[in-house]
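Position chain H relative to chain W; hints supplied.
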Amino acid sequence: MSESVIELKELYKYFQVNHAKALQGASFIIKKGMIHGLLGENAAGKSTMMKILCGVHQPDKGDIFVNGERVVFSSPEDALKAGIGMVYQHFRLVEQLSVLDNILLSTFEKGYRPIKKNRSMQKITQLINTYGFKLDPVVKVNTLSVGEKQLVEILRILFLDVDVLILDEPTAVLSEYEKEILFDVLKRLKVQGKAIVFISHNLNEVLELCDEITVFRKGKNSCYQKKGSYNKELILREMLGGDYSHFQNIPFKGVKEKILEAKNLCFSLSDRQLLKDISFELYSGHITGIAGFAGHGQLQLFETIFSSTGNYRGEVLYKGQNIRCWSVAEKRKLGMAYIPEDRLFHASVLSIPLMYNLIANRLDEKPFSKWQMMNERYVEQKAKDMVIDYDIDTGSVAIPIGMLSGGNIQKAVIARETHTTPNLLLIHEPTRGLDSAAIMFTYKILNDLKQSGSSILIASSNVDELIEICDEIYVVYEGEFVHHAQKESFDKRLINEYLAGFFQQHDEQYLRKGNKYEA
Amino acid sequence: MRRRELIAQRLSILAISFAAGLIVIWLTSSAPAQAIHSFLTVPFSNRYFFGNLLTLMIPFIFTGLAASISFQANEFNLGIEGQCYFSALVGTWMALQLGQVDRMLAIPLIIVVSAVTGGFFAFISAFLKSKYAVNELISSLLIGYSLLYLTDFFLEGPMLDLQAGLIATKTIDDRLMLAKILPPSNFNSGFFWGIALLIIFYFILKKSVFGLKMTLYGHNPKFSEYMGIKGSKVIHKAFFLSGAVAGMGGIIDILGVHTKMIRGFSFGYGWTGIAVALIATNQNARNARNNPIWIIPAAFLFAFLESAASAAAIFSDLTPEISKIIQASIFFLVTVSFWKKSGDHQTT
Chain W
0 MSESVIELKE LYKYFQVNHA KALQGASFII KKGMIHGLLG ENAAGKSTMM KILCGVHQPD
60 KGDIFVNGER VVFSSPEDAL KAGIGMVYQH FRLVEQLSVL DNILLSTFEK GYRPIKKNRS
120 MQKITQLINT YGFKLDPVVK VNTLSVGEKQ LVEILRILFL DVDVLILDEP TAVLSEYEKE
180 ILFDVLKRLK VQGKAIVFIS HNLNEVLELC DEITVFRKGK NSCYQKKGSY NKELILREML
240 GGDYSHFQNI PFKGVKEKIL EAKNLCFSLS DRQLLKDISF ELYSGHITGI AGFAGHGQLQ
300 LFETIFSSTG NYRGEVLYKG QNIRCWSVAE KRKLGMAYIP EDRLFHASVL SIPLMYNLIA
360 NRLDEKPFSK WQMMNERYVE QKAKDMVIDY DIDTGSVAIP IGMLSGGNIQ KAVIARETHT
420 TPNLLLIHEP TRGLDSAAIM FTYKILNDLK QSGSSILIAS SNVDELIEIC DEIYVVYEGE
480 FVHHAQKESF DKRLINEYLA GFFQQHDEQY LRKGNKYEA
Chain H
0 MRRRELIAQR LSILAISFAA GLIVIWLTSS APAQAIHSFL TVPFSNRYFF GNLLTLMIPF
60 IFTGLAASIS FQANEFNLGI EGQCYFSALV GTWMALQLGQ VDRMLAIPLI IVVSAVTGGF
120 FAFISAFLKS KYAVNELISS LLIGYSLLYL TDFFLEGPML DLQAGLIATK TIDDRLMLAK
180 ILPPSNFNSG FFWGIALLII FYFILKKSVF GLKMTLYGHN PKFSEYMGIK GSKVIHKAFF
240 LSGAVAGMGG IIDILGVHTK MIRGFSFGYG WTGIAVALIA TNQNARNARN NPIWIIPAAF
300 LFAFLESAAS AAAIFSDLTP EISKIIQASI FFLVTVSFWK KSGDHQTT
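Sequence order for the protein chains is W and H.
According to numbering that gives the first Met the number 0, the first sequence is numbered sequentially starting from 0.
According to numbering that gives the first Met the number 0, the second sequence is numbered sequentially starting from 0.
Next comes chain W alone, as it looks inside the complex (with noise of 0.2 Å):
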């Protein structure tokens, strides 16, 4: 029997800002050895829950009891104490620094003693050790991958003796492959007695981890489900609060006409090869996939067919024209659109207004302006109307979008992509980050493309994703095409193979600084 470790009573948090009520009565209880999947919609109040543990927000009204004991959280160095630590959904590392300093930036040496690096070394070689990380401590950050950087977040809070480790969607961002070793981590850490909290919305990583579920719905917990008994459907019913329905791949019944043909496409930057004569057709109509691990060149495939540098070899035809010397404005107005992975911080401006991010795109258009004078009456009218269609939640169009939970921006960013209907777009790991009712809502979006003869293509790691959606499916190796699939002919296990690279030499150079690239 393992013995509770911590308890959340009734918790109760309105956010001023955004008028949100992020938590409404929600209980939560936290055992050791046990790791427990914390699932939930996008602003279902999970995060909030976990930050009110770790001390970065204090509850309205509810009590957090660790061994019994009541106790007030005041600030993450509190909690800290108490032995809770998280691991954020965004990184917090320097990249300039080595692993070792950055575990040792956040420990409480106060006042000028130095720092006992020998010491601290061992103990960090030591943890490695026990839980079987594959970490170097004296490497530098910026060499590491998504998914070691993660690890080194994990270290970063095991360093400090934590009991209660809560990891905020740490799989958001990671491959498949990183996914299996942070499993492997977790599951030892459980092994010793450590308790772990899950956060996550995707059903299957949590089923397959977890030893116990608690579903947050609408700030509040839900439902609660052991392991050996779970119970799939009504897990998702209780996520979703509603139907639950599969994408349908309906075959485009219009004219298919060529729209994008890349040519032997190479790109290199520093004589490393980003990209290795890649050539490929895109069609109206038509959704293509591109599978692969993040890194291995599909970012710098995006770019070279959509900014303006031009700097490749090869060539690229939009509907027959050579678009190497097109502006990116140019290509917006002749129907390109692109929506880039990195949501936040390339594809919106989070501290302007929802209205200005919803149609940035379209500046220079006439009825958003005129005489180079924007017009805001118009802008006001059109971002409503986009609010409404992509059922974006929030209370107004006039507060900036970084107000707005992460969900709510993609469906943003999507919106304004989308309600163009641009005869190409570029669309980067679609679902990312998403819930279930936003990834249903953006493969609506997508088929209603289709539909409308648009030509899709996306780069997604999820090859699950790909095979439901796609008609056309290429997997990217180290920037190269590895393996081309037609819909009747998709096989899992195939592209699961090519996409890990068992048919190729490994390139441990690329591997590692495939990710880096900054164009």
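Treat the hints as calculated values from the structure; they're not laboratory data.
Keep in mind the model is a prediction, meaning the values are calculated, not measured.
There could be a bad hint or two in this list.
With a straight-line cut-off of 16 Å between C-alpha atoms, the simulated EDC-like cross-links for lysine to aspartate or glutamate are [as the list claims (entries may be wrong)]:
| # | chain 1 | residue 1 | chain 2 | residue 2 |
| --- | --- | --- | --- | --- |
| 1 | H | K206 | W | E379 |
| 2 | H | K232 | W | D363 |
| 3 | H | K205 | W | E375 |
| 4 | H | K206 | W | E375 |
| 5 | H | K229 | W | E379 |
Then chain H, alone, in the frame of chain W:
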């Protein structure tokens, strides 16, 4: 709510800075009560002093606006001092050539020439940045300083008026001077040029497509690239406008007050302008598009400090440097919050 917070923050900065100034007065003056009294009241005591306070506001409005334009695109034009000084020289030269031309034609022409001069030198920094990725902060600073020395060369050499008795050019024809208001003070119609410019830039920054593009680019260059906004165009325009406004500030001060180009007449205008812009700018950028109208109270504040200190130096045993102490602490406190706030900005 945000705006209220911001105003509260600014007011507390002012309170702390004034307190610092008062403490220094208390420590250094033999009759502190008298000194403080004259410091706070003399600038408002009569037409002459108040007029001169308002006169001092004029260049601060221009240089403050110049700085705030570049801030809006998250660029730093640190060459305002030099742009202002050199443009004034070019404008003065122009004015000396145009002795016979009708005033309604000549004054706008002179101001436009100065503006283009200032804009050109600021543009160089933007061009270097977009073409060769030269840091605009450094290039504008260096070019700005070179302009100061270049101007001094012309003043001490080719354009020196030997009869003047100080390092200055010949006096500009009276007809070309801006109209005086509130005599005997120097207050002149340049003030209304400044206000008009602020109103124009209010519309440019808050309402125009270019203003929005500048804001988007300033907050997130990568994003604006994806949206089809040409970053190089934005910074070219932003720097040109910034330099042009700085240049106008220089020549209007000559035409309004000095009647000829005097060595060092604009000493500190550029730097004070940056301080003015920092106070007037909403750095946490919640509402994202700054309102240039705030430059008026900010410029007033700095003009008050300068004129109060020099007035107090006449009526009590204070030194004029007292205003520098208060300005310095304002500058410190404002920039602290500036960098702190811009730290959590997204930079890509």
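To see whether the hints hold, each was checked on the structure:
no. : hint             : verdict
1   : H/K206 to W/E379 : 13 Å, holds
2   : H/K232 to W/D363 : 14 Å, holds
3   : H/K205 to W/E375 : 10 Å, holds
4   : H/K206 to W/E375 : 8 Å, holds
5   : H/K229 to W/E379 : 24 Å, violated
Violated hint for the displayed structure: number 5, the only one.
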